[in-house]
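Please take these sequences and the hints and turn them into a complete structure.
Respectively, the protein sequence lines represent chains X and D.
In this text, residue positions in the first sequence follow the working numbering: the first is 25, and each later residue adds one.
In this text, residue positions in the second sequence follow the working numbering: the first is 21, and each later residue adds one.
Read the hints as simulated data drawn from the structure, not as lab findings.
This structure is a prediction, so every number in the text was calculated from the model and none was measured.
Where hints are given, some of them may not hold.
[Claimed, not checked] The list that follows gives simulated cross-link-like pairs (lysine-lysine, DSS-like), each with its CA atoms no further than 30 Å apart:
1) K83(X) - K176(X)
2) K229(D) - K72(X)
3) K85(D) - K36(X)
[What the hints assert, rightly or not] Pulled from the structure, derived: some chain X residues nowhere near chain D, Cβ distances all over 12 Å:
4) N168
5) E205
6) K228
7) G251
8) A309
9) E352
10) A596
For every residue, glycine included, the Cβ atom is placed at its ideal position computed from N, Cα and C.
Here is how the chains run, residue by residue.
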Amino acid sequence: MEKNKTSQDSIKIFNRRSFIITFIGLIISLIIAIRLFSLQIINNSFYKKKSVENKVSIKSTPPLRGDIFDNQKNLVAANSSFYEFAIYKNLNKFFLKEVNQLNSLIDLDLNIPNISKQLQSFNSYIPFILSRANWEQIVKFEKNKFLFTSIKIIESKKRYYPYKNLSQIIGYIGKSSDSSELYPQGIFHLEKTFDDHLRGKPGKIFNEVNSRGKIIREIAIEEPIKGKSLNLTINLKLQNFAQSILPSSNKGSIVVLNRSDGSILSMNSNPTYDAQLFEDRNNDAINSFFNDSDKPLLNRAFNGFYPPGSVFKPVPALLGLKKNILNENTEIICNGFTSLADRNYYCWKKGGHGRVDLKKAIKESCDCYFYELAKQINIDDLSDFANSLGLNMIYNIGLSNAQKGLIPNKKWKKTYLDQGWYQGETLISCIGQGYNLTSPLQLANLYSALINGGKFPYPRLVKEEPITYLGEELNPKHQKVILNALKAAVQEPSGTAYKLNIENPSFVKIGGKTGTSQVVRIKEEDREDDLYKTKETEDRFKDHSVFVGYAPIEDPKYIASVIIENGGSGSAVAAPIAHKVLNFAYQENV
Amino acid sequence: MFKDFKSLLNINWIYFFLLLIIFWIGEINLYSAAGGKLDPWAIDQLKRFIYFLPIVFFVLLLQPKFIFNIAELILIAVILGLLITLLFGYTGMGAKRWIRVGGLNLQVSEFAKISLVIFMAKYFHKLNAQKTIGIMRATIPLFVSLALFLLVAVQPDLGTALIVLILGLVAIFYAGIKLIYPFLSFIAIVLISPFLWNLLKPYQQNRIKIFLNPDLDPLGQGYHIIQSKIAIGSGGLNGNGFLEGSQSSLDFLPEKETDFVFAIFSEQFGFSGSLLLILIFLIFFLIPVFKTFKLTQVFSKIMLFILSFKIFLEFLINVSMTIGLVPVVGVALPFMSYGGSSLLSNMIICALLMNLMSVEEKKRMFS
Numbered sequence: 025m026e027k028n029k030t031s032q033d034s035i036k037i038f039n040r041r042s043f044i045i046t047f048i049g050l051i052i053s054l055i056i057a058i059r060l061f062s063l064q065i066i067n068n069s070f071y072k073k074k075s076v077e078n079k080v081s082i083k084s085t086p087p088l089r090g091d092i093f094d095n096q097k098n099l100v101a102a103n104s105s106f107y108e109f110a111i112y113k114n115l116n117k118f119f120l121k122e123v124n125q126l127n128s129l130i131d132l133d134l135n136i137p138n139i140s141k142q143l144q145s146f147n148s149y150i151p152f153i154l155s156r157a158n159w160e161q162i163v164k165f166e167k168n169k170f171l172f173t174s175i176k177i178i179e180s181k182k183r184y185y186p187y188k189n190l191s192q193i194i195g196y197i198g199k200s201s202d203s204s205e206l207y208p209q210g211i212f213h214l215e216k217t218f219d220d221h222l223r224g225k226p227g228k229i230f231n232e233v234n235s236r237g238k239i240i241r242e243i244a245i246e247e248p249i250k251g252k253s254l255n256l257t258i259n260l261k262l263q264n265f266a267q268s269i270l271p272s273s274n275k276g277s278i279v280v281l282n283r284s285d286g287s288i289l290s291m292n293s294n295p296t297y298d299a300q301l302f303e304d305r306n307n308d309a310i311n312s313f314f315n316d317s318d319k320p321l322l323n324r325a326f327n328g329f330y331p332p333g334s335v336f337k338p339v340p341a342l343l344g345l346k347k348n349i350l351n352e353n354t355e356i357i358c359n360g361f362t363s364l365a366d367r368n369y370y371c372w373k374k375g376g377h378g379r380v381d382l383k384k385a386i387k388e389s390c391d392c393y394f395y396e397l398a399k400q401i402n403i404d405d406l407s408d409f410a411n412s413l414g415l416n417m418i419y420n421i422g423l424s425n426a427q428k429g430l431i432p433n434k435k436w437k438k439t440y441l442d443q444g445w446y447q448g449e450t451l452i453s454c455i456g457q458g459y460n461l462t463s464p465l466q467l468a469n470l471y472s473a474l475i476n477g478g479k480f481p482y483p484r485l486v487k488e489e490p491i492t493y494l495g496e497e498l499n500p501k502h503q504k505v506i507l508n509a510l511k512a513a514v515q516e517p518s519g520t521a522y523k524l525n526i527e528n529p530s531f532v533k534i535g536g537k538t539g540t541s542q543v544v545r546i547k548e549e550d551r552e553d554d555l556y557k558t559k560e561t562e563d564r565f566k567d568h569s570v571f572v573g574y575a576p577i578e579d580p581k582y583i584a585s586v587i588i589e590n591g592g593s594g595s596a597v598a599a600p601i602a603h604k605v606l607n608f609a610y611q612e613n614v
Numbered sequence: 021m022f023k024d025f026k027s028l029l030n031i032n033w034i035y036f037f038l039l040l041i042i043f044w045i046g047e048i049n050l051y052s053a054a055g056g057k058l059d060p061w062a063i064d065q066l067k068r069f070i071y072f073l074p075i076v077f078f079v080l081l082l083q084p085k086f087i088f089n090i091a092e093l094i095l096i097a098v099i100l101g102l103l104i105t106l107l108f109g110y111t112g113m114g115a116k117r118w119i120r121v122g123g124l125n126l127q128v129s130e131f132a133k134i135s136l137v138i139f140m141a142k143y144f145h146k147l148n149a150q151k152t153i154g155i156m157r158a159t160i161p162l163f164v165s166l167a168l169f170l171l172v173a174v175q176p177d178l179g180t181a182l183i184v185l186i187l188g189l190v191a192i193f194y195a196g197i198k199l200i201y202p203f204l205s206f207i208a209i210v211l212i213s214p215f216l217w218n219l220l221k222p223y224q225q226n227r228i229k230i231f232l233n234p235d236l237d238p239l240g241q242g243y244h245i246i247q248s249k250i251a252i253g254s255g256g257l258n259g260n261g262f263l264e265g266s267q268s269s270l271d272f273l274p275e276k277e278t279d280f281v282f283a284i285f286s287e288q289f290g291f292s293g294s295l296l297l298i299l300i301f302l303i304f305f306l307i308p309v310f311k312t313f314k315l316t317q318v319f320s321k322i323m324l325f326i327l328s329f330k331i332f333l334e335f336l337i338n339v340s341m342t343i344g345l346v347p348v349v350g351v352a353l354p355f356m357s358y359g360g361s362s363l364l365s366n367m368i369i370c371a372l373l374m375n376l377m378s379v380e381e382k383k384r385m386f387s
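This is how it looks when you write it as structure tokens:
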């Protein structure tokens with residue numbers, strides 16, 4: 025009885041405890057069920073996505089970059105295939121041994137310590153490029169292929185630039201600074217500006233992979249889309265011709281413009297560089313471009329800024345006519361110099377031009393005539409007017425580092441030099457010297473404005489760009505006066521460029537203006553002494569030779585703007601080059 | 021020593037068929053883990069099951085009294101086995117867990133659980149307690165539990181060791197220790213856990229941190245649990261379908277045939293399949309529990325309750341592990357994880373349970 029009672033009590037305890045334990049077990053089961061509900065029902069889509077991401081690897085395939093053509097559909101930038109030795113670390117543990125083997129077998133002259141260092145931290149699944157492979161090397165490699173398991177030959181696409189003299193227009197491509205960008209992008213000039221247009225769309229290969237990244241099967245392929253092609257206004261024939269007549273001894277540039285639609289038909293700058301070397305990753309050559317004091321990367325037609333010299337004279341002349349400061353018959357006497365505030369300002373012709381009217385002043389480039397005019401000109405008016413004629417402004421034609429140059433005004437001088445303006449400086453400005461800085465392209469646009477009667481087409485390098493117009497209408501009478509004088513400068517005896525007619529009478533008849541861009545300001549006292557002469561003889565102090573001309577004279581179509589650095593006077597060097605290039609453009613009807 | 025052969029007919033057939041169902045689900049799961057192949061796991065596990073059947077019959081036929089009598093012997097044998105494991109054991113995965121017995125790699129720690137429960141059952145039976153038990157009378161079971169825990173923990177096999185310890189503690193609780201002691205221990209653990217944290221080695225602390233946030237080390241120690249959650253979560257309500265689990269077939273899930281079989285199951289059969297599995301294991305646990313209510317013999321009660329609880333506990337811990345509720349400590353899913361020792365010990369446990377459930381109770385049957 026005693027015993028029975030005891031076991032009754034202990035049984036109660038057992039049963040009570042088993043309820044507690046079972047209850048806890050049920051609670052845990054419930055927690056598990058809730059957790060499963062949260063994972064599988066509430067967050068199902070999240071994990072589903074993760075699961076797909078897990079098993080699908082997306083491999084990006086590079087698109088072909090769009091081709092670039094000249095205005096005759098000649099290919100000037102394209103894609104070419106090339107072959108490289110590449111190593112896949114994941115394919116063989118002893119990949120370094122294979123690199124050594126390859127190096128000795130094919131004489132690749134690899135920098136083994138450097139490569140092994142780079143390879144150490146390199147992703148195993150991405151090919152590491154060891155070296156370019158030429159045809160002989162490929163043949164040799166294929167014969168000994170059994171020796172290599174981790175080294176393969178891969179084909180890649182490379183940008184191909186067949187014409188060195190277009191490098192300063194097309195630019196080059198390179199590795200993006202954005203590390204998430206897989207493929208090269210445009211770094212310079214048109215390649216950069218039209219990168220979106222040329223770039224294309226990468227393709228995608230969707231692979232199902234296992235946990236070790238091994239491809240189980242291909243799920244889908246999205247083909248890459250080639251970039252759109254770009255059509256330049258450049259005429260390759262003219263471009264090549266212009267390059268051939270640029271003197272190799274001097275730096276300089278030529279730009280040829282179609283005055284009716286603003287097309288830039290050729291644009292050459294000397295010295296130039298070879299964009300192909302950037303694509304070939306020839307680092308020594310690239311560094312030498314950047315360090316060269318001759319600045320081969322500088323497109324002098326676009327980004328070379330020089331005082332325009334006498335080529336600028338039509339601007340104050342038109343302003344004088346517009347402001348009624350003078351008319352076409354206004355005359356002065358040029359004695360070789362004029363004075364303002366106890367200072368003498370000299371004409372380029374010692375002894376002077378004698379009696380000079382506006383036409384003669386432009387034709388013979390009389391400085392005194394413009395000094396006299398300048399005495400009545402407000403520099404701010406001149407600056408504004410020059411601006412309306414296409415100077416002192418940035419041209420966005422797709423080239424990098426666009427700059428505006430300078431036609432000074434009072435505000436500019438106050439801001440940058442913290443000085444007031446002197447009328448004497450207006451005198452220097454009116455003959456295109458002093459602070460004035462223009463690029464050959466700007467000068468070509470200035471003459472385009474003159475020929476087009478004020479409203480001129482915005483320059484274009486790319487046919488895809490729409491034609492737009494700039495500038496203000498000129499008084500046709502004034503325009504006619506100036507054009508007559510510019511014609512006389514070439515076509516009439518004693519014109520500054522008259523000898524063009526004598527030297528090449530068969531060439532197309534042109535109008536134009538010579539200029540001499542002073543490198544060193546010549547002080548009046550220097551003119552008489554020997555220092556001036558020594559300066560003239562030393563090449564780097566020689567003036568730049570400038571000429572802007574247009575052809576044919578009756579109905580101008582082409583404008584050529586030429587600068588030859590340290591070439592001396594405009595008539596001697598730049599003018600014959602401009603004449604040749606205009607004649608070529610005209611004869612070939614580019 | 022042995023019962024009559026006919027007594028085999030008296031076993032709880034529902035329980036037996038449930039066991040077969042669970043094993044069969046496990047087989048299907050191993051088949052799918054191998055990507056729809058019997059090789060290498062499903063066929064192996066099936067062979068083991070068949071090899072082990074004679075042992076099951078042997079255990080089924082044992083007289084409970086005989087088991088009762090040899091309880092201490094079993095315990096001593098297991099402790100010896102654990103010591104042998106430590107001294108001469110076969111090292112795998114950085115731990116000495118196995119010894120070779122008759123062509124099988126045996127994990128003695130699996131049997132430590134059974135021996136502990138048998139020992140406890142006998143101890144409390146002989147104690148013949150009238151009411152709740154004080155701390156003094158729980159000293160020996162506590163000591164034995166801790167000894168087994170330590171012997172297993174130094175292998176090191178923290179998962180199994182913890183199961184051993186939990187089983188020991190639950191058995192003492194079930195046997196009727198005064199509630200104040202578990203309560204006091206709980207408070208003590210809470211109080212000393214900050215100090216314990218400082219006692220842990222940095223890599224152990226790291227493991228706990230990664231458990232709390234697997235994304236700290238997504239490709240290292242957090243990888244298992246992240247991939248397991250992806251597999252389970254992508255299953256949705258009804259699962260991706262049989263053999264359609266990409267996490268498993270593309271090898272994203274490590275240890276999918278052992279500790280993470282539940283993820284394989286759940287990826288294929290979804291939330292509804294998982295709930296069904298929980299329900300099956302719950303019923304499987306409750307059948308012996310209901311039987312205990314009809315029993316008066318302490319030995320049988322403890323044996324039935326704690327051994328049945330052992331299978332359910334391992335199920336709960338394993339599933340909690342795969343869904344990120346507890347750290348990954350290496351506890352197999354009963355009858356479903358690939359592995360011989362776990363299968364054998366669970367088959368023996370079920371044999372013991374069926375044996376005891378089929379016995380007609382007599383007073384003084386264990387005296």
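The hints, checked one at a time:
The hinted pair formed by K83(X) and K176(X) meets the criterion: a straight-line CA distance of about 19 Å does not exceed 30 Å. Between K229(D) and K72(X) the alpha-carbon distance is near 26 Å, which keeps this suggested pair within the 30 Å criterion. A hinted pair counts as satisfied when its Cα atoms are at most 30 Å apart, and K85(D) with K36(X) qualifies at roughly 24 Å. Under the 12 Å C-beta cut-off, the non-interface status given to N168(X) relative to chain D holds; the minimum distance is some 35 Å.
Annotated as non-interface, E205(X) keeps its C-beta farther than 12 Å from every C-beta of chain D; the closest such distance is 25 Å. With 12 Å as the threshold on Cβ separation, the claim that K228(X) sits away from chain D holds: the shortest Cβ distance comes to roughly 20 Å. Taking the minimum C-beta to C-beta distance to chain D, about 36 Å, the non-interface status of G251(X) holds against the 12 Å cut. Residue placement check: A309(X) keeps its beta carbon more than 12 Å from all beta carbons of chain D (closest about 43 Å).
Every CB of chain D lies more than 12 Å from the CB of E352(X), the least distance being 85 Å, so the non-interface label holds. Distance check on A596(X): its Cβ is at least 74 Å (rounded) from any Cβ of chain D, clearing the 12 Å threshold; non-interface status holds.
Hint violations for this structure: none, all hints satisfied.
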